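**Q** Here is how the chains run, residue by residue.
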Amino acid sequence: MKRITLLTDFGTRDGYVAAMKGVIASIAPSAFVEDASHDIPPGDVLSAAQALSRYWHLYPAGTVHVVVVDPGVGTERAAIALAANGHFFVGPDNGVFSFIDDDQAVQLMIPIGASRTFHGRDVFAPAAARLSTGEALHQLGTAIDERLVLVKEQPKGNVGEVIAIDRFGNIITNLMQAADVEINGVEVMLQVAYGDVGEGELLALINSDGLLEIAVRNGSAAERLGISRGARVTLRL
Amino acid sequence: MKRITLLTDFGTRDGYVAAMKGVIASIAPSAFVEDASHDIPPGDVLSAAQALSRYWHLYPAGTVHVVVVDPGVGTERAAIALAANGHFFVGPDNGVFSFIDDDQAVQLMIPIGASRTFHGRDVFAPAAARLSTGEALHQLGTAIDERLVLVKEQPKGNVGEVIAIDRFGNIITNLMQAADVEINGVEVMLQVAYGDVGEGELLALINSDGLLEIAVRNGSAAERLGISRGARVTLRL
Amino acid sequence: MKRITLLTDFGTRDGYVAAMKGVIASIAPSAFVEDASHDIPPGDVLSAAQALSRYWHLYPAGTVHVVVVDPGVGTERAAIALAANGHFFVGPDNGVFSFIDDDQAVQLMIPIGASRTFHGRDVFAPAAARLSTGEALHQLGTAIDERLVLVKEQPKGNVGEVIAIDRFGNIITNLMQAADVEINGVEVMLQVAYGDVGEGELLALINSDGLLEIAVRNGSAAERLGISRGARVTLRL
Numbered sequence: 020m021k022r023i024t025l026l027t028d029f030g031t032r033d034g035y036v037a038a039m040k041g042v043i044a045s046i047a048p049s050a051f052v053e054d055a056s057h058d059i060p061p062g063d064v065l066s067a068a069q070a071l072s073r074y075w076h077l078y079p080a081g082t083v084h085v086v087v088v089d090p091g092v093g094t095e096r097a098a099i100a101l102a103a104n105g106h107f108f109v110g111p112d113n114g115v116f117s118f119i120d121d122d123q124a125v126q127l128m129i130p131i132g133a134s135r136t137f138h139g140r141d142v143f144a145p146a147a148a149r150l151s152t153g154e155a156l157h158q159l160g161t162a163i164d165e166r167l168v169l170v171k172e173q174p175k176g177n178v179g180e181v182i183a184i185d186r187f188g189n190i191i192t193n194l195m196q197a198a199d200v201e202i203n204g205v206e207v208m209l210q211v212a213y214g215d216v217g218e219g220e221l222l223a224l225i226n227s228d229g230l231l232e233i234a235v236r237n238g239s240a241a242e243r244l245g246i247s248r249g250a251r252v253t254l255r256l
Numbered sequence: 020m021k022r023i024t025l026l027t028d029f030g031t032r033d034g035y036v037a038a039m040k041g042v043i044a045s046i047a048p049s050a051f052v053e054d055a056s057h058d059i060p061p062g063d064v065l066s067a068a069q070a071l072s073r074y075w076h077l078y079p080a081g082t083v084h085v086v087v088v089d090p091g092v093g094t095e096r097a098a099i100a101l102a103a104n105g106h107f108f109v110g111p112d113n114g115v116f117s118f119i120d121d122d123q124a125v126q127l128m129i130p131i132g133a134s135r136t137f138h139g140r141d142v143f144a145p146a147a148a149r150l151s152t153g154e155a156l157h158q159l160g161t162a163i164d165e166r167l168v169l170v171k172e173q174p175k176g177n178v179g180e181v182i183a184i185d186r187f188g189n190i191i192t193n194l195m196q197a198a199d200v201e202i203n204g205v206e207v208m209l210q211v212a213y214g215d216v217g218e219g220e221l222l223a224l225i226n227s228d229g230l231l232e233i234a235v236r237n238g239s240a241a242e243r244l245g246i247s248r249g250a251r252v253t254l255r256l
Numbered sequence: 020m021k022r023i024t025l026l027t028d029f030g031t032r033d034g035y036v037a038a039m040k041g042v043i044a045s046i047a048p049s050a051f052v053e054d055a056s057h058d059i060p061p062g063d064v065l066s067a068a069q070a071l072s073r074y075w076h077l078y079p080a081g082t083v084h085v086v087v088v089d090p091g092v093g094t095e096r097a098a099i100a101l102a103a104n105g106h107f108f109v110g111p112d113n114g115v116f117s118f119i120d121d122d123q124a125v126q127l128m129i130p131i132g133a134s135r136t137f138h139g140r141d142v143f144a145p146a147a148a149r150l151s152t153g154e155a156l157h158q159l160g161t162a163i164d165e166r167l168v169l170v171k172e173q174p175k176g177n178v179g180e181v182i183a184i185d186r187f188g189n190i191i192t193n194l195m196q197a198a199d200v201e202i203n204g205v206e207v208m209l210q211v212a213y214g215d216v217g218e219g220e221l222l223a224l225i226n227s228d229g230l231l232e233i234a235v236r237n238g239s240a241a242e243r244l245g246i247s248r249g250a251r252v253t254l255r256l
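First to last, the protein sequences are chains A, B and C.
Quick note: the first sequence uses my numbering, first residue 20, plus one each step.
Quick note: the second sequence uses my numbering, first residue 20, plus one each step.
Quick note: the third sequence uses my numbering, first residue 20, plus one each step.
The hints are simulated quantities; they were obtained by calculation from the structure and are not laboratory data.
The structure displayed is predicted, hence computed values, not measured ones.
Backbone N, C-alpha and C define an ideal beta-carbon position, used for all residues, glycine too.
One thing to keep in mind: the hints can contain errors.
[Claimed, not checked] Dumping the calculated DSSO-like pairs for lysine-lysine here, alpha-carbon to alpha-carbon at most 30 Å: (1) B:K21 x C:K21; (2) A:K21 x B:K175; (3) A:K21 x C:K171.
[Said to hold, decoys possible] Here are a few chain B residues that sit away from chain C, every Cβ distance over 12 Å (derived from the structure): (4) K21; (5) R73; (6) E95; (7) Q126; (8) I131; (9) E154; (10) G160; (11) A162; (12) L169; (13) K175; (14) M208; (15) D215; (16) E232; (17) G238.
[Stated by the list, open to error] Taking beta-carbon pairs under 10 Å as the criterion, some of the chain C residues facing chain B (in silico): (18) F29; (19) R32; (20) G139; (21) A162; (22) I163.
Isolated chain A (complex conformation) (with noise of 0.2 Å):
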């Protein structure tokens, strides 16, 4: 069974993600395509990153993961694809794969007459079908030894940042211990599950990336704290 995630920040009511998907099916009808989202804020390369790297790792080997978050679509930034761990990446080379350690990599040669908007249809989709089937990596392309990279804000000591805010308004950071925060000067108490507080009262806890976030049982802690990414969070050990 081969298998395509999608990931782009298209949404989908423009039929954008439908041409991206009609290219696959042309190409690798027997493949498996799965959405991961299409609801990645406009151009936001982060996000995708660390969504990305929330599910990766948990397909079957062999799976393609397409991502096109690509404001510069068009310009000199390179159109890649990567393999990692027997999955394979296909996207644009301006951080979304920041969070991949690839074995190879390579940049996709630009099929004659492929739009400057819309390299999703006409480079990534069949680049990623192509692999699907089977095709090798090298075959798509030359190989590279660099790529954009965007580091990760490690903690200083006892300080750490904010680094996304999820849907529910759950406000994670990049400290990894299990500790009691101060953020915004409001000092928040560790606990292990949303359902350890009242209804509305602030929690921290070690989410299932391992990693500290503070939310609200049942709100959104984000707009309670006014807190938005690259916010300082503090441990209190």
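Got chain A; can you put chains B and C on it based on the hints?
**A** Using the frame of chain A, we list chains B and C on its own:
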């Protein structure tokens, strides 16, 4: 053909849904995984139960229906799996399966190392995948006699209530009579189809679930009438 | 591999889309069902027609394309199925197939007991499933000669109009010339790719459908210029 449907309140943009799909693909690579929805309002167990009741019985027997709207994840609420009419259901014991009349029910074993915040990935996806590969329900846990069931409010004489507002702003009631109604002081006449009144006009009709619904042609009845779930509706017989 | 694509304005949260998928799975269990979109603005037939025209021809022949944007459901508007270029199309006769040049067209029989409000489940999903299993178009209904077709507004000399705003806020026109333009009193210079101007700056380009588009790099041109569908755009030749 084994088939698994997914209904959650995760949205897709954080990659949590794709994590579940990855787990399923690794355990049951030939299963068809179909998105029912990931846009259930966060924590709205009743909406999930109602959405599920619109589709599960239309699928072929053998389908596994996963529902993860789970504000109590990680607390003492049980994880369960049910069999009903040849279909399977996997999710938290919090009322999401209120409208399923089960033949058999088990409490799922929680795998060692499962996160306390993401049973969708660590408990429900693996259980669903195993059921889809033919494992028996009783192999996944221990039989239970009771589970949490939300009671449907029944109409009292001529007075019913609003049980849901759908994406179009249609007001769905628990009444089953084809009749004119009064809601929030406004009388609404019974029709047969949305197009039976002029653009922007109110109408009542029996909807595709056999329930009395109040709508505005090409508009939102809920907005027009200022109505939310729980409001009272009176039959005009 | 039989394949069915779905395009609706249902959203997913109410379970209506999953009901259609369940019906298809019961009739055509081995068909691949792919979501094109369920986020067409409610009742926006023209948007559906435009989205469809971006993808249908990229799929392999034999694909069945279902479109349910159907504000007139249950009225005298016909339910239809078309064949064009080896592809099939199923939906209401309200203009959603305006940009399909069909070889054959039938009016679908309405099954006894079909709801008057949900032909997606009761008429279109079963018809699509039957086509995907190899049933002939003429077995689904009676041939028709005419159907409703929305006329594309053509540019008049140097003056075109805005035919769509996409999810990024890009302004899509019906002009096909590569040229500078004036819109709402603002002159916009032609470029080749979004990245050819600075962050937040306006540009015009020929998009992936060959149409002149006005965009803001990493922003919304429609918001910036206060533009909606139907606005006038003038070529600066």
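**Q** Evaluate each hint against the coordinates.
**A** Status of each hint after checking the structure:
1. B:K21 x C:K21: 16 Å, holds
2. A:K21 x B:K175: The given pair, whose Cα atoms are some 55 Å apart, is violated under the 30 Å limit.
3. A:K21 x C:K171: Roughly 40 Å separates the two Cα atoms, so the pair is violated.
4. K21: Not fine: 10 Å to the nearest Cβ puts K21 (chain B) too close to chain C.
5. R73: 4 Å, violated
6. E95: With a cut-off of 12 Å, E95 (chain B) remains clear of chain C, as the shortest Cβ separation is near 29 Å.
7. Q126: Per Cβ check, Q126 (chain B) is outside 12 Å of chain C; nearest 26 Å; holds.
8. I131: 33 Å, holds
9. E154: 20 Å, holds
10. G160: Given a closest Cβ separation of 26 Å, the condition holds.
11. A162: 28 Å, holds
12. L169: 16 Å, holds
13. K175: 26 Å, holds
14. M208: Non-interface label on M208 (chain B) holds, nearest chain C Cβ at 16 Å vs cutoff 12 Å.
15. D215: 7 Å, violated
16. E232: Not fine: 8 Å to the nearest Cβ puts E232 (chain B) too close to chain C.
17. G238: 9 Å, violated
18. F29: 7 Å, holds
19. R32: Interface hint status for R32 (chain C): holds (4 Å vs cutoff 10 Å).
20. G139: Holds: closest Cβ of chain B sits about 9 Å from G139 (chain C), inside 10 Å.
21. A162: At about 25 Å, which exceeds the 10 Å cut-off, the nearest Cβ of chain B leaves the hint on A162 (chain C) violated.
22. I163: 20 Å, violated
Checked against the numbered hints listed earlier, the structure breaks hints 2, 3, 4, 5, 15, 16, 17, 21, 22; every other hint is satisfied.
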